[in-house]
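Peer 1: Using the sequences and the accompanying hints, generate a full structural model.
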Amino acid sequence: MLVNFTPPSASEYIRVLPEILLTVGGTILMIAEGLAGERHRRGLAPMALAFLLLALGGAVVAGMDPGPAFNNMLTVDGYATFFRLLVLIVGILSVLISGSYLTRENADSADYYALILFSLCGQSILASANELIMVFIGLEISSIATYVLAGFLRNDKRNNEAAIKYFLLGSFATAFLLYGVGWIYGVTGTTNLQEIHRFLTSSESVYSPLLVSACAAMMFVGFAFKVSAAPFQGWAPDVYQGAPAPVSAFMTAAPKAAAFAVFLRVYSIAFSGLTERWQPILWVSAMATMVIGNFAALRQDNIKRMLAYSSVAHAGYVMVAVVAHSEAGVAAAMFYLASYAFMNLGAFAIVTHYVGKGERYVGIDDMAGYARQQPLIAALFTWFLLSLIGVPLTGGFFGKFYVFKSAIDSNLIWLTVLGLLNSAVAAYYYLRIIVVMYFHEPTNETGAAGPVPAGVRLALIGSAIGVFVLGVMPSAVLEFANRSAMLSR
Amino acid sequence: MPPIPLPTAVPLTYYLILSAILFALGVAGFLFRKSLITVFMSIELMLNAVNLTFVTFSYQHKQVDGHLFTFFVMVVAAAEAAVGLAIILTVFKNRGTLAVDEIDSLKL
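Note that the protein sequences, when read in sequence, are chains W and S. Take the position in the first sequence, starting the count at 1, then add 18; the result is the number in the working numbering. Take the position in the second sequence, starting the count at 1, then add 977; the result is the number in the working numbering.
Because the hints were derived from the structure by calculation, they are not lab data. Take these hints with a grain of salt, some might be off.
Stated by the list, open to error - Not the full set, but computed from the structure, chain W residues with beta-carbon under 10 Å of chain S:
#1 I162
#2 A181
#3 F185
#4 Y203
#5 G207
#6 T208
#7 L438
#8 A442
#9 M504
#10 L505
Built from N, CA and C at the ideal position, the CB exists for glycine as well.
Peer 2: Structural data, given as structure tokens:
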């Protein structure tokens, strides 16, 4: 590794342009706050947005010249570019909804935006990681920043609790992942995904399949935790409920998408020779994730907690695509994560505005009569909820359609049937919100009063367009996903 | 690079067994201890058990890669410790307790 050291070429640096821009941007933000002083805090969000747009451009530039970087530790292919763009768009939408929230809670600071940028940097590494140590590092950069974000309002008990739970359980799961990596390194002598694949499928190599399966299982603990798949979903409702609403919006979309990206890459490259061993386990996990998420969401009265369980359920649908273990499955997962990111951020954007100062109005009943007070916003909320159900003409419909189609193509009939039944159950709790908004009499105590701030409005428009485009003309995105789903072994 | 001879009579398997025991102790500590600080220390123990695994395998494969990985893990563990202790501190400030069982205000 170090014996024949050649310095990385310029094109390799260009391939990590988004990561460089995000890191530099985050650092500049923190310095700028110190230099400009307290009074100029209004400029922080636009500045963070500027850096995110730059990074988005960087990701496009990096994607135009695909190839490996830094001794094959990272690989920038269409797949990596897709997820980089996705997490950066999620980042932009999250920053848009954060500004007014932070001002309301009196917590405006550059740290918040810097942490979002650093977290995105980790997710961007995850999207392009081609090596298990990079997977670990990307995962930790992304997670450590989100641990802090989850507890950002230091004096709020719920924030503290979300942060400590997320931190302890997250580090615990990552330690398992790392132990699995350690043993994989011991068995195969490498941490590069392609070389692991070559070792495990070559007839000359001697190894115990049971030991390698144990390693794969330990790495599954880490990944399943990060994507909130059963049986490691227990933290998700508490953390998403306790964290500040815009942070929950960010966490349910970006880190989850990046974790799925790397999960898919590791399992469909490195462990593709052991499919018959891990597929049954993932089958059970996908099924359990869908059932637990949907049935627990039925009983929630807190809207953030309900969306948290719904996010677990949606992770279950993506798991179905992972179990399918085919190129169509990978493409379906990519499409699903993109559409989920838009509809979920849209829904959370409204919740962010709605909960009011100190997040007082978090009950579903608090939404009573919302349609009369804010008809347009209520209509948009309905649009996002219909997409979460999976009604035709929305992104959610095609997401589910492609996922279940890929599952049927891989002969997973029962999982498909269970998944479809689950989406029918899910319709109940989403529709309940719509009913409360449109048909219940408004109570005196609601948070709906204030006008919607410009940032939230922009984010809503962006997410609504995203859901619409994915729902009406899904072919453009799906074609890109199909082309990128071919992961080189 | 010629391999540095290890002290004789300690086979590599022993290191792996030791690291497995340390890892298991970390898991047990995480699951059964009541104080946030001890739970956090258990996680650090698990990470260090992994480091021992990396070094052992690195020696076995006659590579430097594993040695390098331990540095990555140590850096990450240090960052995690900084963030973790800060979070534990805010919890203590707000609640005046470090007992894991008493941090339960979010609905289960």
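Peer 1: Hints numbered earlier in the text: which of these fail when held up against the supplied structure?
Peer 2: Result: hints 7, 8, 9, 10 break, sorted rising.
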